[in-house]
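Top line first, the protein sequences correspond to chains A and B.
Heads up: the first sequence at position 51 corresponds to 51 in this note's numbering, and the numbers run straight through without jumps.
Each position in the second sequence, counted from 1, maps to that position plus 114 in this note's numbering.
Hints may be right or wrong, so weigh each one.
With a straight-line cut-off of 25 Å between C-alpha atoms, the simulated SDA-like cross-links for lysine to any residue are [to be verified]:
id, chain 1, residue 1, chain 2, residue 2
1, A, K100, B, A177
2, A, K100, B, I178
3, A, K100, B, R182
4, B, K117, A, D97
5, A, K44, A, S112
6, A, K44, B, H163
7, A, K100, B, A116
8, A, K11, B, Q156
9, B, K117, A, K71
10, A, K100, B, E130
11, A, K100, B, T209
12, A, K100, B, S123
13, A, K44, B, D196
14, A, K100, B, Q220
15, A, K100, B, S126
16, A, K100, B, M124
17, A, K100, B, L194
18, A, K15, B, S155
19, A, K71, B, Q212
20, A, K100, B, S225
21, A, K44, B, Y160
22, B, K117, A, Q59
23, A, K78, B, A116
24, A, K100, B, Y210
25, B, K117, A, G40
26, A, K100, B, V226
27, B, K183, A, I102
28, B, K183, A, F99
29, A, K62, B, G213
30, A, K44, B, E130
31, A, K62, B, K117
32, A, K44, B, S126
33, A, K44, B, N122
34, A, K11, B, L153
35, A, K100, B, Y146
36, A, K100, B, G143
I should point out that these hints are in silico values taken from the structure, not numbers from a laboratory.
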Amino acid sequence: EAGVAQSPRYKIIEKRQSVAFWCNPISGHATLYWYQQILGQGPKLLIQFQNNGVVDDSQLPKDRFSAERLKGVDSTLKIQPAKLEDSAVYLCASSSDSFKNIQYFGAGTRLSVL
Amino acid sequence: DAKTTQPNSMESNEEEPVHLPCNHSTISGTDYIHWYRQLPSQGPEYVIHGLTSNVNNRMASLAIAEDRKSSTLILHRATLRDAAVYYCIRATLPTYNQGGKLIFGQGTELSVKP
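For reference, chain B alone in the conformation it holds in the complex:
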C-alpha cells in the first residue's frame, strides 16, 4: 500500500501558526486524507479529514492541493499541548471484499517551544 511522505520532525514557537506538509502523489481518486496525532504514551487521536475541498474544524484546518498530490495541516496557534507526532494518512473506502483502511506513514514529530 502506497504511503504518504512527511518530514520526520518540525519545530514551532508557541502561539504561532504551524504548517505541516504531506505528499501523497499516488493517492487514488476515492482515497480520503486523514490527519491524526499521537501524544506520548497514548493512542492516535483524530484531527481532521477531507477529500478535495479545504476543511476547517475547531482543532485545525486542512488545505488540499488541487491535484490532490499534497496537503497541509494548519494549526492556527500552536500550544505546548500540541507537541505530538502528526500522521498524514491515506484512508481507503470499503469495497465488497475489504473494509476501509487507514494507512499510516512515519509521521512528523512536532515540538513546540515556549
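Just chain A, with the same shape it has in the complex:
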C-alpha cells in the first residue's frame, strides 16, 4: 500500500513570497490533516478535512495560510505571503477512521524562509 505522498521535499523562498505544498493521502482515507512542525517541537495541527469539507481550521493563520481539498482526495496548502517564522516542516497525514484516529504521515516538506 502506497503511503502519504508529499511534494516538494524542500523549498527555500524569501519572505513575502508565496509557496504551495501538495499532499496525496493513502487511497480511500477520508480524513486529511496538515501539521506545522517547528524545529525541536512536536507537530501542531493546522487544518483537518473530512472528504472535501473542513472539520477544524481553528489553528490556521487564515490571513496568510489557505488549504483546499477540492475533490476529496489530494490537497494543497498555500502560504501567501510567507514570513520568517513560517520556516518549519509541513506534514500531511491521513486517516481512514477519525474515531480511532490512527494517522499515517508523509515525510513532510521542509520550508526555509530567508
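Following the hints, complete the assembly by docking chain B onto the known chain A.
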C-alpha cells in the same frame, strides 16, 4: 489544549528494555493516549494507543496508570533502529463540531548505544 509531559531525552543500551514515561494529569475521561515515533527526516509513525487497559502489539507495550494520569511506553529490546523522538499524545474524540485531534507534546529523544 493541555499537553503531555515527557523527559527531553533518554539513553538506552541495545537489546535492553526501555521504559519511556509520560505524564498527562489533565487528560479527560474520553481522551485516548497515543504514542508515535519520528525518525530523522521522516514523518511521525504510529506505535500504539490505549484508553485504560494495558496494550501490547508487535512494536511495544503501553502501561497506563489506574488513575490515567501517567503512562509508560515499553520497548522490550531496543535496537539501533529504535533511536527516534517518541511522542506521547492526547487523542481527543470527534464532537459534533470538531474532529478528533492528536495533541503532540515535545517528545522524548531516545538514543540507543551499541
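Next pair to validate is K100(A) with Q220(B); report whether the Cα-Cα distance is within 25 Å.
holds (22 Å)
Measure nothing beyond the straight line between the CA atoms of K11(A) and Q156(B); if it is 25 Å or shorter, mark the hint as holding.
holds (16 Å)
Is it true that the CA of K100(A) sits at most 25 Å from the CA of T209(B)?
Holds. K100(A) to T209(B) sits at ~13 Å (cutoff 25 Å).
Hinted pair K100(A) and S225(B), Cα distance within 25 Å
Measuring from Cα to Cα gives roughly 30 Å; hence the hint is violated.
Holds or violated: K44(A) with N122(B), Cα cutoff 25 Å?
Roughly 18 Å separates the two Cα atoms, so the pair holds.
Hinted pair, alpha-carbon criterion (25 Å max): K62(A), K117(B). Please report holds or violated.
holds (24 Å)
Between the alpha carbons of K100(A) and Y146(B), is the straight-line distance 25 Å or under?
Roughly 9 Å between the alpha carbons, so the hint for K100(A) and Y146(B) holds.
Check whether the Cα positions of K100(A) and M124(B) lie no farther apart than 25 Å.
Judged against 25 Å, a Cα distance of about 29 Å means the pair is violated.
Does S126(B) lie within 25 Å of K100(A) when you go C-alpha to C-alpha?
violated (31 Å)
Does K100(A) pair with S123(B) here, judged by a C-alpha cut-off of 25 Å?
violated (28 Å)
Take the C-alpha atoms of K100(A) and A116(B), compute the straight-line distance between them, and say whether it is at most 25 Å.
At roughly 20 Å apart (the allowed maximum being 25 Å), A116(B) and K100(A) satisfy the hint.
Just to be careful, I want the Cα atoms of K117(B) and G40(A) compared with a cutoff of 25 Å; is the pair within it?
holds (16 Å)
Checked against the numbered hints above, the structure violates hints 9, 10, 12, 15, 16, 17, 20, 23, 26, 30, 32; every other hint is satisfied.
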